[in-house]
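*Asks:* As you go down the protein sequences, you meet chains A and B in turn.
The first sequence runs contiguously to residue 364 in numbering that gives the first Met the number 0.
The second sequence runs contiguously to residue 504 in numbering that gives the first Met the number 0.
Derived by calculation from the structure, the hints in this document are not laboratory data.
Here are the in silico distance ranges between beta carbons for each label pair:
#1 A:I122 / B:A273: 42 to 52 angstroms
#2 A:S348 / B:D79: 16 to 26 angstroms
#3 B:S144 / A:F145: 29 to 39 angstroms
#4 B:R191 / A:S348: 37 to 47 angstroms
#5 A:S348 / B:R219: 25 to 35 angstroms
A virtual CB, placed ideally from N, CA and C, is assigned to each residue, including glycine.
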Amino acid sequence: MTAKPNRSGAGAFFAGLLRHQIMIPLAAMLLLTIFHLIVDRSFFSISLMHNVNGDPVLTGSIISVIDSGSELAILAIGMTLVTAASGGQDISVGAGIAISGSVILRVLCGTNPSPEHMQAPIIVAFLIGCLAAAACGAFNGALVAFFRLQPMVATLILFTAGRSIAAWVNNNRLPVVNDIEFKYFGGYIPGIPIPTPFLIAIVCFIVTWAMLKFTNIGLYAQAVGINEKTSRLNGLNPAVIKLTAYVILGLCVGVCGLIKTSRVGSINYSVIAKDIEMDAILAVALGGNALSGGKFSMSASVLGAYVIQYLTTTLYSLNVRPAAISAYKAVVVILLVVCSAPAVREKFSRLMKKARAGKPSGSAA
Amino acid sequence: MGEKTVLELRGISKAFPGVKALQNVDFTLHTGEIHALMGENGAGKSTLIKVLTGVYERDEGQIYLHGDHSKSVQIHSPQDAQQAGISTVYQEISLCPNLSVAENIYLGRSEGRLISWRSMNKKAAKLLESLGIAVSPSQQLAGCSIAVQQMVAIARAVDMECSVLILDEPTSSLDEHEVAKLFRLMRDLRERGVGIIFVTHFLDQVYEVCDRITVLRDGRLVGSYDAEALPRVELVSKMLGKELDDMADIKSEIPASADDKTVPVYEAENLCSAEGIAPFRFYIRRGEVNGFTGLLGSGRSESVRAIFGADKVTSGTVRVNGKPVRIHRPIDAMRAGIGYLPEDRKRDGIIGDLSVRDNIILALQVKRGFFRPFSRAQKIRFAEKYIKLLDVKTASVNTPIKSLSGGNQQKVILGRWLLTEPQYLILDEPTRGIDIGTKIDIQKLVLKLASEGMSVTFISSETDEMLRTCSRLLVMRDRRLVGELTGDQLTQQSIMKTIAGGDGA
Chain A
0 MTAKPNRSGA
10 GAFFAGLLRH
20 QIMIPLAAML
30 LLTIFHLIVD
40 RSFFSISLMH
50 NVNGDPVLTG
60 SIISVIDSGS
70 ELAILAIGMT
80 LVTAASGGQD
90 ISVGAGIAIS
100 GSVILRVLCG
110 TNPSPEHMQA
120 PIIVAFLIGC
130 LAAAACGAFN
140 GALVAFFRLQ
150 PMVATLILFT
160 AGRSIAAWVN
170 NNRLPVVNDI
180 EFKYFGGYIP
190 GIPIPTPFLI
200 AIVCFIVTWA
210 MLKFTNIGLY
220 AQAVGINEKT
230 SRLNGLNPAV
240 IKLTAYVILG
250 LCVGVCGLIK
260 TSRVGSINYS
270 VIAKDIEMDA
280 ILAVALGGNA
290 LSGGKFSMSA
300 SVLGAYVIQY
310 LTTTLYSLNV
320 RPAAISAYKA
330 VVVILLVVCS
340 APAVREKFSR
350 LMKKARAGKP
360 SGSAA
Chain B
0 MGEKTVLELR
10 GISKAFPGVK
20 ALQNVDFTLH
30 TGEIHALMGE
40 NGAGKSTLIK
50 VLTGVYERDE
60 GQIYLHGDHS
70 KSVQIHSPQD
80 AQQAGISTVY
90 QEISLCPNLS
100 VAENIYLGRS
110 EGRLISWRSM
120 NKKAAKLLES
130 LGIAVSPSQQ
140 LAGCSIAVQQ
150 MVAIARAVDM
160 ECSVLILDEP
170 TSSLDEHEVA
180 KLFRLMRDLR
190 ERGVGIIFVT
200 HFLDQVYEVC
210 DRITVLRDGR
220 LVGSYDAEAL
230 PRVELVSKML
240 GKELDDMADI
250 KSEIPASADD
260 KTVPVYEAEN
270 LCSAEGIAPF
280 RFYIRRGEVN
290 GFTGLLGSGR
300 SESVRAIFGA
310 DKVTSGTVRV
320 NGKPVRIHRP
330 IDAMRAGIGY
340 LPEDRKRDGI
350 IGDLSVRDNI
360 ILALQVKRGF
370 FRPFSRAQKI
380 RFAEKYIKLL
390 DVKTASVNTP
400 IKSLSGGNQQ
410 KVILGRWLLT
420 EPQYLILDEP
430 TRGIDIGTKI
440 DIQKLVLKLA
450 SEGMSVTFIS
460 SETDEMLRTC
470 SRLLVMRDRR
480 LVGELTGDQL
490 TQQSIMKTIA
500 GGDGA
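Just chain B, with the same shape it has in the complex (with noise of 0.2 angstroms):
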């Protein structure tokens, strides 16, 4: 490995309207090393990386290639970028879904006119073997699973011939084993010579394959670390800019265990869904938090969808406050009382063009009724106080959610659901991709509003949150609920066990 950079940024700023970005950023990659991008939402980690790549034009500051000081290089655009070799990896795959996989790492780079179709996968095969992933050429895209069509962005990249390689988040949704290959190939990338920028919430991840640490923190330059050098916890604190002890602090909230005498808030026997899960009994007491855990497709997402009517529900009874009640849509599930928020928060949660105003009040406009709109005061007025109270960053509330970062859709989204009232509230990994800070806000909020006697669904991918959270865990396996655990039962090993099946649950 050379202590050779091949990127450096001096005096990066950024602003946008009423934002200042980043301001004065200095960042150097090496050749042959993995740097971790790490910061809180809004640090400007994203808006450094796209100023790289050139889908934003920084005000000021220069990019130096190759050790090159005599000048500074111009990118104006993600062709530019590429053309000075930084390739991007992005959270959400931006590939063609129904192209073919050799199609896909060639798209737009073809020397002729003429592609031999032959030629081009053989290429495609060698390629991908030499980076060790196992695909087809000839597969489509849409057929593979999202950790291999991440590995196909990345070989496309890597076939550029790339200097710098960056990935944005791209664990978010992967499951360990996935993680794993991931981690191989840009192992094997470093010994390339490739510099990795890698962007990431997750610690561990970092711990285990980044030889660098730079950190940011509303914007600026907090520093440059050797991983060794840097303790977690002092990592941590300087993502935050404060001493951490909130963490070990949260887990003395849970409140005792719900009084088991009073009728549930709500109760499904037999519920199924069309989505493949095996009919299961369920309940929650007023004032619960509860969770399903399990590996990632093992159903913990399709039965929250089932009872909140998401996907379409073919069996069971539904108890609401021991009265029965029919929840075939979400619809139903709203005038119950019950709130969802979608693990994909893209797909499913937010309304993209639409202010943030308009996505706050959205669930409870449509609960009051079509004919009956909220004036435009009234609608700020909402929105103003679930931006305060979530402590949401936006520049106004009429700016379109989709300008946000990750971390404070999640809020407004949130918030939407907070503005509904609901007596139950399904959160399906509401930390996901989303910093340290906001998930231990959201974990205190959860905790918070149970207090106060709302009942909680909480999924998360990471167990510890849930141990931190939850009073219940309901552990669920191949697309069927194998067990439940309470009180001393609550340890990660135990988890572990009934997730893998071993000695019995």
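Isolated chain A (complex conformation) (with noise of 0.2 angstroms):
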């Protein structure tokens, strides 16, 4: 057999890494990045202050991609292998949100909407909007898994009543909670400069990262996304497990609807977490994973997620009116996905072979 062509090892090493999916956002990334180090350098800069309370927090541009994007990146991690294993997504994230977010509310304020004093701990009214979260994940997934449904007819039940359910949780009322505690968690823990939501999608992220390393989720989500038959001739059961994906996208959801009733205090239920179904199913396209399912890379989904919140903060930094900024995104996420499609990046790997051809390689028989 012939051998490979002999190439160092860092070299390897980078023409390995460029052809990983992770380029992509990466790619997407430095743009920005590139593009704020010629315009405008001080969305860099960050600033150690102290908010009203007197605590100290750090503040920038950069601060706030990494704190708005937390629920993204949170809800990225569950789209991935939801996406993987039933090879479509969930589009009931945002409503899924208002739910486990009305709920938290409610279970903290009881019977007064307006309570003085938290009626619950926040750890039981966290747990029991986890509950919801994942019994509408497992709603979903059942849908998906046992009635064989599409994925995205499926969520379309709960993406339509979802917030009405929300709205019902609470007799439609707005509950308001005003213990500072509480606010922690969409915003600063004393003494702790950096903001909350970030340091729960760390947390979120070891966890994803303990439980693909060690369980098998990562390969029989692939396994069952690619050949859902081959898969059950392995002894798998694909239904179980595209519910398993369902139910941790569930998670992710109760986990988001913590920090984002958290950062007001209250919540509005037809604006909370709008449209963010789209920006997490983006993020996954984004991470270069295929919609249609199988193999996956979680950490190119999360990095997608936070380059849509930096392009989302970019375009604020630029003084862009909030009403056009979707228009906006729309312009630079039709570029970053067609560079991504398989068609294009097959032609770019091959006009850079032909451009490193200029030196005739070495063997030939």
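Need the complex rebuilt from these two chains, each delivered in its own frame; the hints are there to steer you.
*Replies:* Now the structure itself:
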């Protein structure tokens, strides 16, 4: 057999990295960074200030990216698994956040919409909120796994009904939690200058990493997503694995529900986490994962989520009117997605090869 | 028949990272000729065809059409190939199953914007009739047998006025009757002056229809020969690149029939699945190799699927090593120490996008449990062990299995089940669509495993292969077990007789 072209270790490493799908969000991030370096370097300045409570907090555009991007990054984790295992996406995550947020507030407030003190410990409210979100995930998952509905159709049900259910949980009143402790989760913990949502996201990443490392969920979800029949003949139960993926996404939604409600201490049923499902799906796509399921890269998805937030914050910093932001975002997204399309990537790698072939490569038989 | 060349390949080379798939290959096709392209797995047949049809771009070499040496044709895409009059019918049919026969024939080729369904159907009917294909143009393609679907694909190619028709293993999923029909069609096209390239693994078929034979080995041209002037044995030895007396040896290696007094490794009474097979009785002893035989669709595969719990099991009692067990799902069977290599490799065997490594460890990993994943190093160790043991040709353990050749994919799946160290292994058509060398390797492996105490059930469409490996054959007809042959009864004639169901079995 012929030997592989002899390449130095570092060269091979970079060639491998170039081919890896994480290159797409990485390249996008690099472009945005270069843009800021040229246009406005103050984007990267971070300063330590004190907020109204006298606690030290870090501020700056970059801090705002990692703060506001947390929910999206957490959702991207679950969305990646759902996409891999079921070959479709859950479009009800925004509604799910409304439900779990509403449940959390309901437990905290009890019967009085604006109590002096919280009626239950935050941890209890959070766990019940997660339970509600996981139940929504299980509902979606069951429709997809056992009734074999298309994920888009199955999750359309909660997408439509979710926000009404959220309002119903609190009898359509707007509960307000004024307790300072509850605000920690969407703001800052005294003494820690890093935004708590980012810390929560980090915890989620670690849990996810551990899950992928110490269980077979990654291998199973990919196997089921690529070839369900083969997976079954190798002893897997595809329905259970799909259901698991949706429940995991449900748990991610529960965590986001806590962060979102904590940010404002209240809830607006029709606005909370609006359109976040589309950004979450986009994060998965931007990570170079096939939306038709199968192989995935979790880190690429998470990075994709932060790239989307990076882009949004960039547009804000350019004083783009809020109403026009989606339009600008769409243009950039089209560019990114087209660049990450397999056809374009192939063409690109072929061009690269041609450029390198300027020097004739060594052995010819 | 003229000696006019319709297609000429000169010095074709194509390299993939780490592998030189084709090196300086010449190939000439005349008009009105059926030309067999033969070679082992990885010999370069598929690559050559893909270069010819524009799936791959060649690195070097020229392609001339119709004897026109003045300019080499550039083929960058399947469309280019079609325009140049080169049509291909692949092993896996690439038509749209949910459209009608006529729609499939004219798909993407209508001249105007509007389609007259009636005239299209009429045209299709005429075309099908002229080719002697008995199918209604308005029938949905999915409702036709695979053979008919293949012929529809050929009709489409013919209607596009192709001068070169490539048939890539068209017969591997057809029964004898259907193969005969296909051959009639091929001969008919030969009369019309079409040059046909026929890729197959079946030697009989090559000698039945082909005029010339070109043999490739390890990406190089071995030679082109007139079929009549090349004896079979010589063809085989050219493909393998060595003198071949292995085939004769194998039979003598069959171990003496396993001891009848031992408790069967697997025993089923009244077993029946939802796939419409009659309840049957089955057992296999330690170290025994037995087989299910019968025509395509006789229920061979359904029977072993019932054993493995792959289909819904509706009745039956199962004993493994004398202890009653319930096998309702594949995982039950796996826990009972049973492995199953399915018939349809692409649909049921491989997980295409996953690496060779993950494909090898999958079954053992599932058996071991959700919360106990193997370490990466351990996975690589397992994968490398079986890649070496079975001589799988792959660039690395990380290569996606779908980019391997068919025979190597099959070896990976075989490795997957061997890794689970089963006491009973079911192999359904393990040698279909793979070359003779690998076939013999697999047969030898089966006998070796049996001599080490593993029980194996072997299914193959090729009876001589079954005769070579099995010490007991279960014959099926019309989804019913109709006979059992052992010892002296293991001959072609008695199998045929039992399958046909003449004077009793």
